[in-house]
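Enquirer: Sequence:
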Amino acid sequence: MSGLSGSDQHQIDWHAPWLAHISPCAELASSADLIATLNQRIAGKAYLTGAGQPLHFIPQNDLPEGEAYEAHIAATGGVPTRLNLHDLFNACVWLTFPKTKAVLNQRQAEQLAALGVQHTRGVARDALTLFDENAAVLVVSGPSIGHALRAFDWHNALIAPRADWDTPFKPRAHAKAALYAFGHALMEKLTAPRKAICAHTWVVKVDTDWFSLPQAARLLTLDVMLAQHIRTWDINPRDFCPLPMLGVPHFWADNADETFYNDERVFRSGRMRLQTSVQAE
Numbered sequence: 001m002s003g004l005s006g007s008d009q010h011q012i013d014w015h016a017p018w019l020a021h022i023s024p025c026a027e028l029a030s031s032a033d034l035i036a037t038l039n040q041r042i043a044g045k046a047y048l049t050g051a052g053q054p055l056h057f058i059p060q061n062d063l064p065e066g067e068a069y070e071a072h073i074a075a076t077g078g079v080p081t082r083l084n085l086h087d088l089f090n091a092c093v094w095l096t097f098p099k100t101k102a103v104l105n106q107r108q109a110e111q112l113a114a115l116g117v118q119h120t121r122g123v124a125r126d127a128l129t130l131f132d133e134n135a136a137v138l139v140v141s142g143p144s145i146g147h148a149l150r151a152f153d154w155h156n157a158l159i160a161p162r163a164d165w166d167t168p169f170k171p172r173a174h175a176k177a178a179l180y181a182f183g184h185a186l187m188e189k190l191t192a193p194r195k196a197i198c199a200h201t202w203v204v205k206v207d208t209d210w211f212s213l214p215q216a217a218r219l220l221t222l223d224v225m226l227a228q229h230i231r232t233w234d235i236n237p238r239d240f241c242p243l244p245m246l247g248v249p250h251f252w253a254d255n256a257d258e259t260f261y262n263d264e265r266v267f268r269s270g271r272m273r274l275q276t277s278v279q280a281e
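With full-length UniProt numbering applied, the sequence shown corresponds to residues 1 to 281, in that order.
Simulated from the structure, these hints should not be mistaken for lab results. Please read all numbers here as calculations on a predicted model, not as lab measurements. Treat the hints with caution; some may be incorrect.
Claimed, not checked - In silico DSBU-like links for lysine-lysine, alpha-carbon gap of 30 angstroms or less: (1) LYS205 <-> LYS195; (2) LYS176 <-> LYS195; (3) LYS205 <-> LYS99.
Claimed, not checked - DEER-style ranges, computed between Cβ atoms: (4) PRO143 <-> GLU65: 46 to 54 angstroms; (5) ASN39 <-> GLN11: 22 to 30 angstroms; (6) ASN39 <-> ALA75: 12 to 20 angstroms; (7) SER212 <-> GLU27: 44 to 52 angstroms; (8) GLY52 <-> ASP207: 28 to 36 angstroms.
Where is the CB? At the ideal position from N, CA and C, for every residue including glycine.
Could you build all of it, start to finish, from the sequences and the hints given here?
Expert: As structure tokens, then:
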């Protein structure tokens, strides 16, 4: 057998709202041969890595000893993949946001080529890794929610405009904000949801008619926009907004009660250092 263990499969709740956009990947979790199934899924599709190599998935043991993970992906197209939740979610993100993942890979490989593998990643690689591992993408058609989030104004970001937030499994054409988990470590942490789990959130502004698109079309256009953002990003980790995931409207039943947001240990005021447990590859 070369698939996920039964215990790993049972940890994933595919009905969780933060997984709605990757729910077509659900069958991968039960595949008897995960890597073969992944490669069948992308066969005939023009998925490329950062250096323009055709994307494919390989066993982790095929990564040569001492070779950097991102550099190997860029140079060969092969994504080393372990049979665990972390790498399953990574594969799901490659399938959902292939252009964005390719640009992230390109920029990480460029950093490795310029600076080599160092004891610490450095500011640029660290920010790129935060995006890859722990980002959520907030799509908005107006500035107010994003501005409120950046100002730690939880009331005007999450409570007052609750009706403007999209519902994950039934996207609404009149919505004005929608959140999509991107980081695979973030998705892994959310298999055991806790109020304190926080995403590094990236805000993308769209036209109002974007919300009228079917979900698949939304994701395709978002992938293009997001890839362009990352391609031209003057890399700075302070460009992220902190967002406790269970506070996102319609993500957690308890947040329908405004008192949910009274927990100042989670919904803090002022800029603070994001407390995350980003996992290294």
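Enquirer: Note whether the CB distance of ASN39 and ALA75 lies within 12 to 20 angstroms or breaks it.
Expert: Since ASN39 and ALA75 have Cβ atoms about 18 angstroms apart, the given range 12 to 20 angstroms holds.
Enquirer: State, for the Cβ atoms of PRO143 and GLU65, whether the hinted interval 46 to 54 angstroms holds or is violated.
Expert: holds, 49 angstroms
Enquirer: The hint says 28 to 36 angstroms between GLY52 and ASP207; measuring C-beta to C-beta, is that right?
Expert: holds, 30 angstroms
Enquirer: State, for the Cβ atoms of ASN39 and GLN11, whether the hinted interval 22 to 30 angstroms holds or is violated.
Expert: holds, 24 angstroms
Enquirer: Can you tell me whether the CB distance of SER212 to GLU27 sits inside 44 to 52 angstroms?
Expert: violated, 29 angstroms
Enquirer: Given the hint that LYS205 pairs with LYS195, does the C-alpha gap stay at or below 30 angstroms?
Expert: Answer holds: LYS205 to LYS195 is near 27 angstroms, not above 30 angstroms.
Enquirer: Is LYS205 close enough to LYS99, meaning Cα to Cα at most 30 angstroms?
Expert: Holds. LYS205 to LYS99 sits at ~18 angstroms (cutoff 30 angstroms).
Enquirer: Sort out whether LYS195 lies within 30 angstroms of LYS176, counting only the CA atoms.
Expert: With Cα atoms ~24 angstroms apart, LYS176 and LYS195 stay inside 30 angstroms; holds.
When each numbered hint is compared with the structure, a violation occurs for hint 7 only.
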